[in-house]
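S.K.: Residues per chain, in single letters:
There are 2 protein chains.
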Amino acid sequence: MLSHVYIKDLSKHVGESVTLKGWLFNKRSSGKVKFLILRDGTGYLQCIVFKGNVSEEVFALADSVSQEASFEITGKVKEEPRAVGGFELDATDLKLIGDSVEYPITPKEHGIEFLIDNRHLWIRSKKQVAILKIRHRIVKAIRDFYDERGFTLFDPPIITPNAAEGTSTLFEMDYFDLGKAYLTQSGQLYAEAGAMALGKVYTFGPTFRAEKSKTRRHLTEFWMVEPEMAFYDLDDDMDLAEEFIEYIVQTVVKDCRPELEVLERDISKLEKIVRPFPRISYTEAVEVLKSKGREFTWGDDFGAPDETVISEDYDKPVMIHRYPSAVKAFYMKRDPENPEVALAVDVIAPEGYGEIIGGSQREDNLDFLLERIKEHNLPQKYFEWYLDLRRFGSVPHAGFGLGLERTVTWICGIDHLRETIPFPRMIYRNTP
Amino acid sequence: MLSHVYIKDLSKHVGESVTLKGWLFNKRSSGKVKFLILRDGTGYLQCIVFKGNVSEEVFALADSVSQEASFEITGKVKEEPRAVGGFELDATDLKLIGDSVEYPITPKEHGIEFLIDNRHLWIRSKKQVAILKIRHRIVKAIRDFYDERGFTLFDPPIITPNAAEGTSTLFEMDYFDLGKAYLTQSGQLYAEAGAMALGKVYTFGPTFRAEKSKTRRHLTEFWMVEPEMAFYDLDDDMDLAEEFIEYIVQTVVKDCRPELEVLERDISKLEKIVRPFPRISYTEAVEVLKSKGREFTWGDDFGAPDETVISEDYDKPVMIHRYPSAVKAFYMKRDPENPEVALAVDVIAPEGYGEIIGGSQREDNLDFLLERIKEHNLPQKYFEWYLDLRRFGSVPHAGFGLGLERTVTWICGIDHLRETIPFPRMIYRNTP
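Order-wise, the sequence lines are chains U and C. Numbering follows this note's numbering, in which position 190 of the first sequence is assigned residue number 193; successive positions increment by one, without gaps. Numbering follows this note's numbering, in which position 78 of the second sequence is assigned residue number 81; successive positions increment by one, without gaps.
One chain only, chain U, in its complex shape (with noise of 0.2 Å):
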């Protein structure tokens, strides 16, 4: 057993001698001390080699060894409320066990192209360090609130024979003898077919979009989690939608503290993200354009600037409802009260982050759900399937899409979807 203590469960070491193993951060000498910062993927350690403290060697390694070289270091505990962490230590032996010669990634500003090209290497840094373990910690919670509430697992297929929404955006590829297939885009009507087994269901897993998007709020790899429940309407959708994202954002603050103050993100907005959030009308929301002096046609989609422009009076997510069926997917169930709008939801980010939900009723009337497909000439024969959801006990169910990064995105405060993600892809990057 290749034995050593981790940095997190430095505590219960205190004032014992342990060994330590990991890479070296950053060092800085003053004369007859080196102070080497020894990272292990659980914390960051500040180690002193006192010249007195060591042999000859030792010392002349402390003196070498360089960034990222790998190493195994010995020494006391202890308690140093002023270091990182709470605790230094006082080394009496140190190991070199992979040397880095002339690491690319210096503590000099790089050029975002020259970071994606190095991503392998950049995920070593601290900030990028701090963005997956909240990404972890938003993983996690996203599956506790669900597996918390009843709801089954279901893993939709990610290769399909037919699109969902439109073709426009697709990957495609040959599935052997069976012609083409294509990448998921999102499991929701899959995940329609597992409400009616299982009640309560959510998919969680990569879906793609060839999308010829070159914003900073575009990849074309990303991960949804898809609640669908059967018996819920818009109402109890929105509920849930509202629940779960303070759930998520209150988790972050509570458990990702250390990583916030990293990113330097303003937690204080982040505790404001309690329940109710506010819930308006798409008609509503197009007034408020309006008010504002923005030109808007009601029946239009809104773009990214709308968005930011009505999310700005909150320091909430806010619910917009009820859009124009016309804009909206052919799965969504138009209001009884006024079938021009369906029972949709959005949810917006507050600062400008955008639409980081998207959801609705589903239509549960075969006919009308027939009259749909055809409106928007969709192929039947490719649905049969889906339509037998409603043709065999159908019941009112509703559901809703999150996007990881975009969450994730938000919750750190950052500018870029690429950061939240260990590899990114984009339009004109697979690499590394």
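Since the hints were derived computationally from the structure, they do not count as laboratory data. Where a beta carbon is used, it is the ideal one built from N, C-alpha and C, also for glycine. Each statement offered as a hint is correct.
Cβ pair distances, simulated, as ranges:
1) F179(U) <-> A307(C): 15 to 25 Å
2) V104(C) <-> D269(U): 56 to 66 Å
3) S171(C) <-> G153(U): 36 to 46 Å
4) T22(U) <-> R278(C): 24 to 34 Å
5) S171(C) <-> S20(U): 46 to 56 Å
6) V104(C) <-> G153(U): 29 to 39 Å
Cut-off 16 Å, straight-line C-alpha distance, at most; resulting in silico cross-link-like pairs (EDC-like, lysine to aspartate or glutamate):
7) K143(U) <-> E151(C)
8) K143(C) <-> D150(U)
9) K384(C) <-> D120(U)
10) K183(U) <-> D177(C)
11) K183(U) <-> E175(C)
12) K183(C) <-> D177(U)
13) K143(U) <-> D147(C)
14) K11(C) <-> D150(U)
15) K183(C) <-> E175(U)
16) K215(U) <-> D180(C)
17) K275(U) <-> E354(U)
18) K215(C) <-> D177(U)
19) K143(C) <-> E151(U)
20) K384(U) <-> D120(C)
21) K143(C) <-> D147(U)
22) K143(U) <-> D150(C)
23) K215(C) <-> D180(U)
24) K11(U) <-> E151(C)
25) K11(C) <-> E151(U)
26) K11(U) <-> D150(C)
27) K217(C) <-> D418(C)
28) K217(U) <-> D180(C)
29) K293(C) <-> E315(C)
30) K217(C) <-> D180(U)
For this one, chain U is given, so just place chain C on it according to the hints.
M.R.: For chain C alone, coordinates are given in the frame of chain U:
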């Protein structure tokens, strides 16, 4: 709010009048009494509709309601130890929500092709529900296991520019102007970059093999969990795999007894899956084969029948380590004590369920890794980023991959992988 009570919560409502919603699983009749079995995704409930207790319309409806019709039923909750789930409902009212005319899957036997054609409905059956619930519990156990042990989740890319282990079984697609891209077969190489940044990571997502295998042990799309640990050697790797498998199996035994009973699983066989597991070298395994009269040449890879013969001596998973380097992937470290073999391990499930884990210590020496890449005729330029992990602070590290669907198949004690995922993808099938 479409308020109603779920079957799993009935113990809180004994003696109360409640409303439940769901689908008709089954019914029988006995003169003035109709017995409707309601399913709602959380359980099954026998509802007793006694002619004297309800209106004529309701009694007529109880008579006519058909399999998989959705309905709402109101009545008084009674404890009834003899009933499935321990409760019964004395119905006072019944409302049809969605009819179900000629539901295709009847209690009679159906052919497997018919059932997969109707997979969107087949998942409503008792056995399929049990399998999907166990799948969910296994996924949660997998994530909990790593989350509780300080691992960071590291979602690797699905779209990859090259293949880790050969190109014959890759799904290929066009990626904008960047040429061909492929669906990932394993997140491991990316996970290694993650381990250098975060110490211990795990990936858990869909992976793809365009294998032309039609066996019951192959899916083209399946989920894999891949832990990767800095500063772990092969023994550490095997210790972790052993603890991991025990944890998964014993969690299911503890939490999914009703589902295992639906599947008629011999639970005593699962209760035996506790550490330590037998560990034998490849060379010892070859001797076992020969002693049982099988022809086998040292240096060949084991086929499924060989694995079955080797594992039949044990009622636990058997860990076979130190395979001939020639049959293993380029990134596996050779045994310093015998370069003919790689520091690899496969874990073979008992009862003939075959390989569920493949893993190894990774080659951490830059020069040796370059040699392997040349020997395997792999294009070095695609691996430059991977080689960087050995150029900048290389450390001993190891990991493995566990196939989710194979594990679910084994734990459920079923024959075919296709029932362990909501919508299976196979060489001859990518619908519904």
